[in-house]
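Using the sequences and the hints given, assemble the complete structure.
For reference, the chains in residue letters:
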Amino acid sequence: MGSLKIEHICKTYGKGENEVKALDDVSFTVPEGQMTAVVGASGSGKSTLLHILGGVDRPTSGKVFFGDQDVYALNNKDLAVFRRHQVGLIYQFYNLIPVLNAEENITLPAVMDGQKPEPEKVNALLELLGLTHRRKHLPSQLSGGQQQRVSIGRALFTAPDVILADEPTGNLDSKQTAEIIALLRKSNLERKQTMIIITHDEGIAQQCDRIITLSDGKIIRDELTGQGGGADV
Amino acid sequence: MFERLLALRYIKAQKRHSIFTVCSIAVALALVTLLFISFSTYMGIRRDAAYYEKPYHFKLMQLTEEEYAQLEADPEFTACNRVTEADGSLSAEIMINTYHDDFGLYINTIFPEKYLYSDLKETYKEDLIDVNFELVELDRLDFTSKYYAVYRLALFFIFIIFFVLALRLMIDTAFEISSKERERQYGILQCTGAAPGQIVRIITWEGLFLSIIGIPLGLLLGTALSFGVFQAIRSSGVAEAFFTAEEITAVMKLHFSPLLLLLGAVTGLVWVMISAYGTGMRIIKMSPIQAISNRENKVRNVLRFSLLGTIFGWKGTLAARNNQRQPKRFAVTVLSLTVSIMLVASFSLVLKQALAGFEKTVEVLDLDYDLGVNIKVDPADPLSYKEGLDMIRESGYFDIDTFTKAQLAYIPLGDDSEPLFCLLLYYPRETFDDHFVGGSPVPYDTLTEQGSYLITRPTSLTEQSLADVLKDYTQFDVVVQGRTLVTDDVYNAMTAEEQAQVEEYVFNDPVTGEHAVLYRYQTEWTSATLPVADAAPATKTDPQAKKFFGVSHDYSNMLLLAGTLDAYENGAYAYAGSYGSLINSEGTDNIRLNLRDDSTYEEAKAFLLAHDDVFELDEDFFGDLRKGRTTVGAIQIGFGFLSVLIGLIAIVNMVNTISTGMLNRKSELAALQCIGMTQDQLRGMTLIECLQYALTSGIAATVTIEVLFLAMYFFLKAVGLEEVFGELIHFTEPLPLIGISTVVVFVAAAAASFIPLQRMQKEDLTEQLRCVE
Numbered sequence: 170m171g172s173l174k175i176e177h178i179c180k181t182y183g184k185g186e187n188e189v190k191a192l193d194d195v196s197f198t199v200p201e202g203q204m205t206a207v208v209g210a211s212g213s214g215k216s217t218l219l220h221i222l223g224g225v226d227r228p229t230s231g232k233v234f235f236g237d238q239d240v241y242a243l244n245n246k247d248l249a250v251f252r253r254h255q256v257g258l259i260y261q262f263y264n265l266i267p268v269l270n271a272e273e274n275i276t277l278p279a280v281m282d283g284q285k286p287e288p289e290k291v292n293a294l295l296e297l298l299g300l301t302h303r304r305k306h307l308p309s310q311l312s313g314g315q316q317q318r319v320s321i322g323r324a325l326f327t328a329p330d331v332i333l334a335d336e337p338t339g340n341l342d343s344k345q346t347a348e349i350i351a352l353l354r355k356s357n358l359e360r361k362q363t364m365i366i367i368t369h370d371e372g373i374a375q376q377c378d379r380i381i382t383l384s385d386g387k388i389i390r391d392e393l394t395g396q397g398g399g400a401d402v
Numbered sequence: 005m006f007e008r009l010l011a012l013r014y015i016k017a018q019k020r021h022s023i024f025t026v027c028s029i030a031v032a033l034a035l036v037t038l039l040f041i042s043f044s045t046y047m048g049i050r051r052d053a054a055y056y057e058k059p060y061h062f063k064l065m066q067l068t069e070e071e072y073a074q075l076e077a078d079p080e081f082t083a084c085n086r087v088t089e090a091d092g093s094l095s096a097e098i099m100i101n102t103y104h105d106d107f108g109l110y111i112n113t114i115f116p117e118k119y120l121y122s123d124l125k126e127t128y129k130e131d132l133i134d135v136n137f138e139l140v141e142l143d144r145l146d147f148t149s150k151y152y153a154v155y156r157l158a159l160f161f162i163f164i165i166f167f168v169l170a171l172r173l174m175i176d177t178a179f180e181i182s183s184k185e186r187e188r189q190y191g192i193l194q195c196t197g198a199a200p201g202q203i204v205r206i207i208t209w210e211g212l213f214l215s216i217i218g219i220p221l222g223l224l225l226g227t228a229l230s231f232g233v234f235q236a237i238r239s240s241g242v243a244e245a246f247f248t249a250e251e252i253t254a255v256m257k258l259h260f261s262p263l264l265l266l267l268g269a270v271t272g273l274v275w276v277m278i279s280a281y282g283t284g285m286r287i288i289k290m291s292p293i294q295a296i297s298n299r300e301n302k303v304r305n306v307l308r309f310s311l312l313g314t315i316f317g318w319k320g321t322l323a324a325r326n327n328q329r330q331p332k333r334f335a336v337t338v339l340s341l342t343v344s345i346m347l348v349a350s351f352s353l354v355l356k357q358a359l360a361g362f363e364k365t366v367e368v369l370d371l372d373y374d375l376g377v378n379i380k381v382d383p384a385d386p387l388s389y390k391e392g393l394d395m396i397r398e399s400g401y402f403d404i405d406t407f408t409k410a411q412l413a414y415i416p417l418g419d420d421s422e423p424l425f426c427l428l429l430y431y432p433r434e435t436f437d438d439h440f441v442g443g444s445p446v447p448y449d450t451l452t453e454q455g456s457y458l459i460t461r462p463t464s465l466t467e468q469s470l471a472d473v474l475k476d477y478t479q480f481d482v483v484v485q486g487r488t489l490v491t492d493d494v495y496n497a498m499t500a501e502e503q504a505q506v507e508e509y510v511f512n513d514p515v516t517g518e519h520a521v522l523y524r525y526q527t528e529w530t531s532a533t534l535p536v537a538d539a540a541p542a543t544k545t546d547p548q549a550k551k552f553f554g555v556s557h558d559y560s561n562m563l564l565l566a567g568t569l570d571a572y573e574n575g576a577y578a579y580a581g582s583y584g585s586l587i588n589s590e591g592t593d594n595i596r597l598n599l600r601d602d603s604t605y606e607e608a609k610a611f612l613l614a615h616d617d618v619f620e621l622d623e624d625f626f627g628d629l630r631k632g633r634t635t636v637g638a639i640q641i642g643f644g645f646l647s648v649l650i651g652l653i654a655i656v657n658m659v660n661t662i663s664t665g666m667l668n669r670k671s672e673l674a675a676l677q678c679i680g681m682t683q684d685q686l687r688g689m690t691l692i693e694c695l696q697y698a699l700t701s702g703i704a705a706t707v708t709i710e711v712l713f714l715a716m717y718f719f720l721k722a723v724g725l726e727e728v729f730g731e732l733i734h735f736t737e738p739l740p741l742i743g744i745s746t747v748v749v750f751v752a753a754a755a756a757s758f759i760p761l762q763r764m765q766k767e768d769l770t771e772q773l774r775c776v777e
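Just so you know, the sequences run in chain order A and B.
Those letters in the first sequence? Residues 170 to 402, by our numbering.
Those letters in the second sequence? Residues 5 to 777, by our numbering.
Read the hints as simulated data drawn from the structure, not as lab findings.
Any given hint could be a false lead.
In silico DSSO-like pairs for lysine-lysine, Cα to Cα no more than 27 Å straight-line [as the list claims (entries may be wrong)]:
hint: 1; chain 1: A; residue 1: Lys-305; chain 2: B; residue 2: Lys-390
hint: 2; chain 1: A; residue 1: Lys-184; chain 2: B; residue 2: Lys-766
hint: 3; chain 1: A; residue 1: Lys-290; chain 2: A; residue 2: Lys-361
The following block contains the structure:
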């Protein structure tokens, strides 16, 4: 279920002379459990790709398959439920809800589903994130690293098949960066979650199973790290 | 100066926002202009009405030609009009424009020898001078009037201070909305070296430029609005309650006070500058990177518990906490909504109750008839009322409510017993049956023919007590009091011994303490035998029965014998001697009348006034009530207008607050959708936020009104009037209006939130998220 396949994705912004192709006929598959880094210069289409994968932004053309499910064949309501259940999104600027405390932010997707979060599950996740003592704090009362951990907790809480992270360590120092990446890797291994991480950090990219490099909306390099070796496109 | 250039460029670039801000300034200023013009018009109309009634500050009377010439030559007078009075005497109507601390002392300087004003008694010689106090006060010619002017202005400004705050919020919100979209650019400017002061100056310049368009537009709009409202009031007929048709033409004009309009414009400009400055200060408090990234994460505290959360779950919790993020705005908006709901719900109710209270008072005091008329009679002629009564009957305008001829009598009960006093009452045909419960047991004509009487009693007397009174009487031997008028000539011709037998009817003037002999009379007692036809209980509302049995204890043992007016005219009047009785007869006989057709009130009144040789209009309850109703109507229109005005301001503020809140949370709402919130859930949460505004305002209005009602009830109880007026207080009566107002607020709030939501949903989530990233 956690495999991702995108076929001939194009995304165009603007019209006429102002038309900008953010993604130009991008296709690839990410098998279940693979941790993939997407790298590229600014404006190469990384964030657009991530949003399209996460069901946030509709492509101009092309398809995204989540297992056998054509994601953009879903209506808006089902698409929202898809995001809630199947995808965990992590942003560079966390996008936490300022009126909810750490625990409430983490459990929000489940609560939206009408579920009552299991205390054991919440405690275990907070423990894993190192936020037990900060669980009742509002985002404004947390450091950047702590806020990002809350954001990761929110993405992990419903145990989605896919985690999509957009520069998750872009705002953090090197120590916090190492902690966050370790956390994501641990979750990836333990839960066999498919992960796509957008990053500028070569070091982070090298810790992933695969690196896709984008330039001007096109994949210019798709390589496996470690056992897979590189495969230029 | 690059600040001015940038301000102009931003205005041009963000046309929609600029137009919105200009409109907000214009609307806020239009409302203030309307209030200021209303105030100056109210004062102007009062002044014109005072001048119309008496076109002078003071009028000097009984003048000689020399005195008039002296007045005419006085340079201090702006007008000195010669008036020849009906009796041929000379008067001068004088206008001045100079201020005098003590007006009375000033008057005394005109003709010191006349002592026109008594400083000791603080009174004017009314036969020599008439001061138009209202005009003196409104023209602020003495210290007292200056004091009142300050008092009035203070009240007015206390009244509008709420409006000023609420209206300023409109401008504030407009600035916040337009600058919100530009925060990033201000951040960039700061990054490129713009000093915080320069950023503030850009925004204040922008405010100044927008004011140049907004303020004149607001003044024009407010003036047009004032014309519209004034025309509406004129055509509503409200003015007719206070003025005659001629007065309306003369005084009902719109008044503009340039000073107040200038004050309005300055107020508007100050508002705009404060709003712009405040917005600028808020922006420069952010670090440039915060402004660029536009990340506001300022929530420091949230309520752990919320009622909405308990009722609506997580959506309720989020909604309650979202509203809490702008506590000042929430409080001001809810306060203005509460006030407008209260005004809508309570004022029409309070005025309705006030009118009901007035009508109830009229009923309780037995004044529930239209007109009280005195028929002028000759005290020496017991049948002289007939001419007036016949004219009333033939006019076709009236139904007789009450008319009674009365004679005082007593029944001798033996040497050792106190006599039983009784009152002989003669009722006209039209009202005869109304005086007895179930009507008269004996027809009017039969009683007239027999010259017999009905023993009547109020319903408070028991059957047993009636039986005690009746015993076996079929007739009474009575002695009737008659009073014979003694004219001055007859009195002067009497011997001292005879004069000692004459009684005087003296009038004591409560003001002057003066004693005046109105007439003199001699009392005679005439024996008569009165046949009794039957007994009949008097109705509760029978005024005579009430007067003699219910209210006055002195007469509580008095027997009432009711006969017909025709029998009185046929000869019963002679029981009281040849001149009849002087009871209740001081040269007039009072008759209470009801109008057959209310629409003929003016004609009927004109009829009575046209025959002032026969009639004297004593009470005009119909006119009073109509005036009361019209006044209540006028106040209702005024307060209706006021509540709509406050309601509009409140709703505009709420709409602005909600829209701003939504725009501020644009990226947050997108993030919620990114993690799986459906659009239905988003709309649900927004609706709950709106519900909180409406419910909080509705509940606050309900509680306040109920507390006021309770206070009124306890006040009535404290003064012992709760039995009479307590029934007018219905605690549940305002609830439907509050409910409707709350629903209106909710619908407006829902519309206010759905419109930006709808617009946002046209954008991709990524675009909405970019507000953050």
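Taking the hints in turn, this is what the structure says about them:
For the hint pairing A:Lys-305 with B:Lys-390, the CA-to-CA distance comes to about 95 Å; that exceeds 27 Å, so the pair is violated. For the hint pairing A:Lys-184 with B:Lys-766, the CA-to-CA distance comes to about 17 Å; that is within 27 Å, so the pair holds. The straight-line distance between the Cα atoms of A:Lys-290 and A:Lys-361 is roughly 18 Å, inside the 27 Å bound, and the hint therefore holds.
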